[in-house]
Amino acid sequence: MIAPLADAVEELVRDGDIVALEGFTHLIPHAAGHELIRRNKRDLTLVRMTPDIVYDQLIGMGCARKLVFSWGGNPGVGSLHRFRDAVEHGWPRPLELEEHSHAGMAAAYAAGASNLPFGVLRGYLAGDLPARTRVEPIICPFTGEQLAAVPALRPDVGIVHAQRADRRGNAQLWGILGVQKEVVLASTRSIVTVEEIVDELEPRPGAVVVPSWVIDAVALAPGGAHPSYAHGYYERDNDFYVAWDAISRDREHFREWMQQHVLGVAATAA
Amino acid sequence: MTTNGYSADEMMAVEAARRLDNDTVCFVGIGLPSVAANLARRTHAPDCVLVYESGTIGAKPSSLPLSIGDGELAETADAVVSVPEMFAYWLQGRRIGVGFLGAAQVDRRGNLNSTVIGDYDMPKVRLPGAGGAPEIATSVENVFVMLRHSPRAFVETLDFMTSVGDNVRVVVTDLGILQPRAGELTLVGIHPGVEIDDVSGATGWNLRVAHDVHETVPPTAEELAALRALETRGSAGWQ
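First to last, the protein sequences are chains A and B. Residues in the first sequence are numbered from 1 upward in steps of one, following this note's numbering. Residues in the second sequence are numbered from 1001 upward in steps of one, following this note's numbering.
Source of the hints: derived by calculation from the structure; they are not laboratory data. As the structure is a computational prediction, the values presented were derived from the model and not from experiment. Note that beta-carbon positions come from the ideal geometry of N, C-alpha and C, so glycine has one too. Where hints are given, some of them may not hold.
Unchecked claim - For each label pair, taking beta carbons as the anchor points, the in silico distance ranges come out as: (1) B:Asp1197 x A:Val265: 56 to 62 Å; (2) B:Asn1142 x A:Cys140: 41 to 47 Å; (3) B:Met1122 x A:Asn40: 28 to 34 Å.
Claimed, not checked - Quick list of in silico lysine to any residue cross-link-like pairs, SDA-like style, CA-CA up to 25 Å: (4) B:Lys1060 x A:Arg204; (5) A:Lys66 x B:Asp1159; (6) B:Lys1124 x A:Pro94; (7) A:Lys66 x B:Met1161; (8) A:Lys66 x B:Tyr1120; (9) B:Lys1124 x A:Pro92; (10) A:Lys66 x B:Met1122; (11) B:Lys1124 x A:Tyr234; (12) B:Lys1124 x A:Val242; (13) B:Lys1060 x B:Arg1018; (14) A:Lys66 x B:Val1125; (15) B:Lys1060 x A:Gly90; (16) B:Lys1124 x A:Thr45; (17) B:Lys1124 x A:Gly90; (18) A:Lys66 x B:Lys1124.
Stated by the list, open to error - Here are some chain B residues pointing at chain A (derived, C-beta under 8 Å): (19) Ile1030; (20) Gly1031; (21) Glu1053; (22) Gly1055; (23) Ser1067; (24) Gly1071; (25) Pro1084; (26) Trp1090; (27) Tyr1120; (28) Gly1129; (29) Ala1130; (30) Gly1132; (31) Pro1134; (32) Thr1157; (33) Met1161; (34) Val1164.
With the hints as extra help, turn the sequences into a complete structure.
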């Protein structure tokens, strides 16, 4: 249950898997993303509503075959240069895209967690996106209204970061919760990295507990969300988000940085 | 560009902020919309409710957040909800009256592109994509668009239609104000020091001009002071 991150990633993520790392600005599982890169996982279909720096790194290191997403940028800063290079120039390899709106992707995760084949929303009503994504019109059997059906997201592996877990592997998280619970419940296998492991989880208002019996591995990764943040532990490193623009703009500079800061270092906790 | 002690971007932010009322519930995106909404809360609309798509309802940040999910938004919010709940119960549930959208391109109908410049399969520039825009555009009554004016942004034909313009009530730019008249964005206001020809020249279609174009009231000292007191966390400025 509680395992070193390297072992959890090695055992639970296979080449070619559909892998979702979630965390909506908050609690982004960067340490786990770095471990996927160190373990040289290939041909992944990466799923994430807001692919930001962690997916820029995975894409730039050639781990991804396909990206399923709804907004791909560096929030408040600008472009994701590695993502753009992959889409615009096929470097380091072509990247197939399946793009959604936030509302559509959130509904697809909720459907996956609910063990339903599709989610339903009043969306994708017009514009060019419906032709570029997996959505079908559906008629409400009660009112006759036309709505949109989106196929459930069912990743092979869901990975999230949480503030803490107890020794049995129950994970507790609070603050902005994004789709953390949905991705764990929608996925066949799941990994939760945590800031700390405690004897007892004290109840907290507004906190969510994801019980150990829906998680395959809990791994200790203090600071594992950085440059994202863990509410109550450390703040978002906005300066790093700004600095990433220059680090990622140039292919060689990016690779040197990854060599020095990711490939050349071991996981933060054993 | 600075004229009369304020920049065109500051004029745009102030003019957008003025359109929010004290009882507005507003879906806020990052960047210029967040600047405008936070400015409104610090000036004439202290009770304006700011909703960020990260799930923070009634956020009251002390400084401008860099992202839609900065920790201070959750700490100061009336409620924090999950992302599926935000989009299903609150946005689709039509609990939010105003939505701000930005984009790379707008057409004369107020349709927006934030997906791609060039061909979708062989893009010249791959943009971030839809995010919340398609459903914001159809689920709130009043869509306010903020965009810097240029022929590359105000185009005859969008490269990709990310969201539809049916609910766009106003487009606030660094040059003036456009509003739909008989379904077509029409110039109704110009900022001080701007000529109508400047706006037409920065618009990629044959811009319709209202017969009663007014001049925007320049930022007041109070508005400017409040705007400049807003500083982004981290080192990125909003301009």
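Tested hints:
{"no.": "1", "hint": "B:Asp1197 x A:Val265: 56 to 62 Å", "in the structure": "holds, 59 Å"}
{"no.": "2", "hint": "B:Asn1142 x A:Cys140: 41 to 47 Å", "in the structure": "violated, 26 Å"}
{"no.": "3", "hint": "B:Met1122 x A:Asn40: 28 to 34 Å", "in the structure": "holds, 30 Å"}
{"no.": "4", "hint": "B:Lys1060 x A:Arg204", "in the structure": "holds, 22 Å"}
{"no.": "5", "hint": "A:Lys66 x B:Asp1159", "in the structure": "holds, 23 Å"}
{"no.": "6", "hint": "B:Lys1124 x A:Pro94", "in the structure": "holds, 15 Å"}
{"no.": "7", "hint": "A:Lys66 x B:Met1161", "in the structure": "holds, 23 Å"}
{"no.": "8", "hint": "A:Lys66 x B:Tyr1120", "in the structure": "holds, 16 Å"}
{"no.": "9", "hint": "B:Lys1124 x A:Pro92", "in the structure": "holds, 17 Å"}
{"no.": "10", "hint": "A:Lys66 x B:Met1122", "in the structure": "holds, 16 Å"}
{"no.": "11", "hint": "B:Lys1124 x A:Tyr234", "in the structure": "violated, 38 Å"}
{"no.": "12", "hint": "B:Lys1124 x A:Val242", "in the structure": "holds, 24 Å"}
{"no.": "13", "hint": "B:Lys1060 x B:Arg1018", "in the structure": "holds, 18 Å"}
{"no.": "14", "hint": "A:Lys66 x B:Val1125", "in the structure": "holds, 19 Å"}
{"no.": "15", "hint": "B:Lys1060 x A:Gly90", "in the structure": "violated, 42 Å"}
{"no.": "16", "hint": "B:Lys1124 x A:Thr45", "in the structure": "holds, 24 Å"}
{"no.": "17", "hint": "B:Lys1124 x A:Gly90", "in the structure": "holds, 13 Å"}
{"no.": "18", "hint": "A:Lys66 x B:Lys1124", "in the structure": "holds, 20 Å"}
{"no.": "19", "hint": "Ile1030", "in the structure": "holds, 5 Å"}
{"no.": "20", "hint": "Gly1031", "in the structure": "holds, 7 Å"}
{"no.": "21", "hint": "Glu1053", "in the structure": "holds, 6 Å"}
{"no.": "22", "hint": "Gly1055", "in the structure": "holds, 6 Å"}
{"no.": "23", "hint": "Ser1067", "in the structure": "holds, 4 Å"}
{"no.": "24", "hint": "Gly1071", "in the structure": "holds, 6 Å"}
{"no.": "25", "hint": "Pro1084", "in the structure": "holds, 4 Å"}
{"no.": "26", "hint": "Trp1090", "in the structure": "violated, 11 Å"}
{"no.": "27", "hint": "Tyr1120", "in the structure": "holds, 7 Å"}
{"no.": "28", "hint": "Gly1129", "in the structure": "holds, 5 Å"}
{"no.": "29", "hint": "Ala1130", "in the structure": "holds, 4 Å"}
{"no.": "30", "hint": "Gly1132", "in the structure": "holds, 5 Å"}
{"no.": "31", "hint": "Pro1134", "in the structure": "holds, 4 Å"}
{"no.": "32", "hint": "Thr1157", "in the structure": "violated, 12 Å"}
{"no.": "33", "hint": "Met1161", "in the structure": "holds, 4 Å"}
{"no.": "34", "hint": "Val1164", "in the structure": "holds, 5 Å"}
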